[in-house]
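Read top to bottom, the protein sequences are chains A and B. Everything in the first sequence is counted per the working numbering, starting at 23 for the first residue and increasing by one. Everything in the second sequence is counted per the working numbering, starting at 23 for the first residue and increasing by one.
One should not assume that every hint holds.
Which copy? The list can't say, so a pair holds if one copy fits it or any two copies do.
[To be verified] Below, computed lysine to aspartate or glutamate pairings styled on EDC-like, alpha-carbon distance capped at 20 angstroms: (1) LYS167 / ASP200; (2) LYS341 / ASP120; (3) LYS386 / GLU47; (4) LYS341 / GLU295; (5) LYS341 / GLU44; (6) LYS35 / ASP120; (7) LYS35 / GLU137; (8) LYS386 / GLU370; (9) LYS386 / GLU287; (10) LYS35 / GLU228; (11) LYS386 / GLU228; (12) LYS386 / GLU363; (13) LYS35 / GLU412; (14) LYS341 / GLU180; (15) LYS167 / GLU481; (16) LYS386 / GLU412; (17) LYS341 / GLU57; (18) LYS386 / GLU284; (19) LYS386 / GLU338; (20) LYS35 / GLU450; (21) LYS386 / GLU69.
Hints in this document: simulated from the structure, not taken from any laboratory. The structure presented is a predicted model; accordingly, all values stated were derived computationally and were not measured.
2 protein chains.
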Amino acid sequence: MTSPHPALLQYVKTHLPRFRRELDELLVIPSVSTESARQGQVLAAAEWTAQALRALGCGRVESFPTPGAPLVYGESIPAGGSAPTVLIYGHYDVQPVDPLELWQSDPFQPVVRGEDLYARGASDMKGQILAVLKAVEAVLSAGAKRPAFKFLFEGEEEIGSTHLPEFIRTHRDLLACDLCLNPDAGMIAPELPTITYGLRGLAYFELRLRGPSHDLHSGMYGGVVHNPAQVLCELVAAMHEPSGRVNLPGFYDVVRPLDPEERRELGRLPMDEAFYLRASGAPALWAGEQGFTPFERVGARPTLEVNGLSSGFTGEGSKTVLPAEAMGKISMRLVPDQTPEQVTSQLEAFLRQRVPASVRWELKRLAGGPPSISARESPGVRALARALGEAWGQAPVFRREGGSIPVVAYLQEYLGVESLLTGFSLPEDNAHSPNEKLHLPTWQKGIAALALFFSYLAE
Amino acid sequence: MTSPHPALLQYVKTHLPRFRRELDELLVIPSVSTESARQGQVLAAAEWTAQALRALGCGRVESFPTPGAPLVYGESIPAGGSAPTVLIYGHYDVQPVDPLELWQSDPFQPVVRGEDLYARGASDMKGQILAVLKAVEAVLSAGAKRPAFKFLFEGEEEIGSTHLPEFIRTHRDLLACDLCLNPDAGMIAPELPTITYGLRGLAYFELRLRGPSHDLHSGMYGGVVHNPAQVLCELVAAMHEPSGRVNLPGFYDVVRPLDPEERRELGRLPMDEAFYLRASGAPALWAGEQGFTPFERVGARPTLEVNGLSSGFTGEGSKTVLPAEAMGKISMRLVPDQTPEQVTSQLEAFLRQRVPASVRWELKRLAGGPPSISARESPGVRALARALGEAWGQAPVFRREGGSIPVVAYLQEYLGVESLLTGFSLPEDNAHSPNEKLHLPTWQKGIAALALFFSYLAE
């Protein structure tokens with residue numbers, strides 16, 4: 023049998039206009055999982071993916087209801103022989119569109135400007151779902167060697183994958199596979215195909231401090247009643263040492279050190295200070311934890327962030343109130359071998375030690391997932407690296423990612439399989455922001471790369 | 023001439039039912055100055071006071087329009103001889119009624135329950151306006167010795183007295199007087215007639231910190247981009263020393279020390295820790311500035327409060343955002359000889375020194391007024407103390423007040439006159455809160471006391 027490459031690549035090229043139309047069909051569905059008014063649309067997106075799996079020739083397609091959005095499962099006809107089974111993960115829900123007024127066009131009316139397709143979900147991750155579905159279609163149509171395919175699409179990724187872990191835990195046989203492909207990890211730059219081998223975990227909290235029983239007049243009580251907003255600020259300030267390290271008791275005890283070889287490799291990525299300055303628009307970077315490069319601090323070191331603050335009077339003008347309550351959303355990004363449970367205890371210990379008797383505190387854990395790290399050498403990684411290298415004419419880079427994809431850790435824990443993390447979204451694609459977009463030339467290369475990957479995986 | 027007292031006291035007693043009816047007429051007008059939809063009602067309250075001054079026999083009554091609510095001016099027929107001129111200040115506007123559902127009866131339908139009259143403005147300060155008008159009426163009717171009266175009623179006190187300072191500055195001749203009586207200061211307890219001789223000033227700010235140009239994904243940027251919410255917390259935390267002192271450069275330089283005699287006198291007031299605990303509902307008091315009693319910290323020492331905090335995501339659930347911006351409302355209560363201008367410079371210096379290059383800051387001063395303090399010995403104070411003592415059978419207490427009444431400072435600055443601060447509202451009257459009320463027996467004593475005061479003032 024000759025190399026399947028030319029046929030695969032030709033198939034992708036020939037059918038690209040149709041692929042684009044199919045992507046548009048999915049993008050016009052406003053499947054915003056955070057908004058209860060959109061639950062019908064979330065269901066419609068689930069149904070669209072189920073229908074796409076049927077069209078692909080999957081022998082079994084099933085939508086598993088949950089108390090939230092359904093989990094759509096599909097499997098292809100068996101591949102035969104010793105071909106491995108690959109589980110393809112994706113999510114069909116999208117982020118909210120607020121602030122809508124900053125969008126240059128309707129977030130649910132996909133439109134091309136230049137080389138980019140603008141729509142909510144174009145990059146995160148409806149475009150990636152289409153890429154993988156169309157790569158599978160190409161492999162099946164070309165009659166190339168191929169793995170067996172299983173698919174798992176969820177509709178709650180943007181709200182913390184609430185019902186996914188339990189589903190994986192209770193459907194181990196159904197989901198059994200040799201490896202998982204997760205195309206939700208994106209790439210570093212259009213010319214740099216990227217394999218992500220590490221993800222940070224997450225532990226997200228809401229902290230409420232309550233002082234007086236009601237808002238007080240700041241003139242009548244200021245100086246005598248402890249202001250919960252002030253206490254919150256003091257607590258948050260104390261959560262970092264002046265050196266930039268997180269100041270929770272034992273926070274770094276189980277953090278796996280970076281070995282020199284890995285640091286050397288990460289150091290070759292073009293994620294330097296200039297990159298972060300440009301991408302963030304900040305006037306200057308934060309020194310952060312001393313002794314680590316910016317990229318190491320984001321990808322390979324744990325951090326703590328205030329995600330939100332709220333207290334007292336925040337409207338226009340002045341109101342001299344001593345607020346009864348203050349609220350902070352506080353989250354930690356975790357690296358191996360930290361766990362959300364551990365840092366929860368550490369934060370509770372910190373609060374027990376530091377919150378003064380003049381306020382009451384309440385800590386709610388809202389979301390979380392463990393960190394994960396994969397081998398940088400395995401047959402799956404080699405096949406993916408080869409495919410990406412071929413599609414781009416450039417060997418892929420390996421990186422650790424500062425974000426969290428909880429499903430990766432759960433697949434590792436419950437199925438014992440590693441996830442190959444890649445994808446074709448770019449840092450400038452405005453995922454989670456107004457004017458989300460997909461770079462179409464990168465997307466096309468991505469479809470080709472995934473088709474090649476599947477054929478290499480079965481060789 | 024015999025002592026005027028019996029006649030005065032009899033007059034008040036005889037006409038009290040009518041005084042109550044007239045108070046009701048004013049209370050049913052919902053003159054909420056913050057609500058633009060109520061501007062007609064604010065005007066109606068202004069007109070009511072002008073009419074009341076005419077009924078009192080004022081030779082001149084004039085309503086001065088401003089871009090906001092009018093200033094109502096009136097003057098009585100001259101008193102003759104060497105009698106002093108007293109300027110009577112009041113405000114005819116009231117606080118909003120929200121949250122309306124917590125009121126036990128319609129805020130603008132006065133109703134008596136027990137010894138109290140419930141209505142918005144009953145205590146702050148339509149009840150006080152009626153008290154002073156009826157005391158003047160009693161003195162005029164009894165033909166007693168009396169001062170010359172001037173009246174100045176504003177309709178913007180609850181929104182910062184926006185147009186009052188300029189009016190005072192440009193109408194010095196019109197307002198010229200020997201002293202001002204301001205019955206907006208209330209009393210400590212029903213059995214303790216109170217003269218307030220010090221008020222704290224105010225300087226109120228909105229501080230905005232801006233970091234990245236847009237909200238960022240906390241996983242992709244956490245550790246590298248400085249979080250403005252974290253910077254805000256660090257700045258606010260640094261605004262106090264661990265000792266409880268305000269940590270702005272030079273903040274205490276011009277603070278007038280308390281002399282031992284004044285401390286002894288303030289120490290006799292029943293405003294102890296138990297009082298503040300009970301009134302605030304806080305689980306414990308704040309230690310605050312070391313070396314001072316709770317009452318001294320509130321009344322005679324400057325303080326700094328966070329009145330509001332806002333940043334990032336504050337809705338239900340979790341959003342892993344590294345916010346682009348953080349906002350804090352921060353205000354200082356000032357004591358002699360601090361000025362709002364000085365503390366503005368001090369806060370700016372603090373920010374210049376401490377805000378890191380990784381965020382930009384903007385400071386807006388929103389409101390403010392200087393502190394004030396009056397002599398505790400003067401003919402006016404002596405006359406007022408004597409009158410209150412006689413009406414209550416109990417010598418009045420002297421206190422300093424933690425709140426701010428800007429008009430007092432402006433009268434001092436532009437007219438060179440001191441204000442006598444008293445009044446007949448009680449701490450439990452729910453001023454600015456639902457179920458505002460007026461204690462009617464206290465109010466009646468107050469009318470009598472003011473009538474006595476006017477007659478003593480002219481002796």
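These are the hints, each one checked on the structure:
no. : hint            : result
1   : LYS167 / ASP200 : within (16 angstroms within a copy, 103 angstroms between copies)
2   : LYS341 / ASP120 : between (28 angstroms within a copy, 13 angstroms between copies)
3   : LYS386 / GLU47  : neither (39 angstroms within a copy, 49 angstroms between copies)
4   : LYS341 / GLU295 : neither (41 angstroms within a copy, 26 angstroms between copies)
5   : LYS341 / GLU44  : neither (54 angstroms within a copy, 30 angstroms between copies)
6   : LYS35 / ASP120  : neither (35 angstroms within a copy, 64 angstroms between copies)
7   : LYS35 / GLU137  : within (16 angstroms within a copy, 88 angstroms between copies)
8   : LYS386 / GLU370 : within (10 angstroms within a copy, 37 angstroms between copies)
9   : LYS386 / GLU287 : neither (38 angstroms within a copy, 48 angstroms between copies)
10  : LYS35 / GLU228  : neither (49 angstroms within a copy, 57 angstroms between copies)
11  : LYS386 / GLU228 : within (5 angstroms within a copy, 30 angstroms between copies)
12  : LYS386 / GLU363 : within (13 angstroms within a copy, 42 angstroms between copies)
13  : LYS35 / GLU412  : within (16 angstroms within a copy, 101 angstroms between copies)
14  : LYS341 / GLU180 : between (36 angstroms within a copy, 9 angstroms between copies)
15  : LYS167 / GLU481 : within (7 angstroms within a copy, 114 angstroms between copies)
16  : LYS386 / GLU412 : neither (48 angstroms within a copy, 57 angstroms between copies)
17  : LYS341 / GLU57  : between (33 angstroms within a copy, 13 angstroms between copies)
18  : LYS386 / GLU284 : neither (36 angstroms within a copy, 48 angstroms between copies)
19  : LYS386 / GLU338 : between (30 angstroms within a copy, 12 angstroms between copies)
20  : LYS35 / GLU450  : neither (25 angstroms within a copy, 79 angstroms between copies)
21  : LYS386 / GLU69  : neither (34 angstroms within a copy, 52 angstroms between copies)
Comparing the model with each numbered hint stated earlier shows that hints 3, 4, 5, 6, 9, 10, 16, 18, 20, 21 do not hold.
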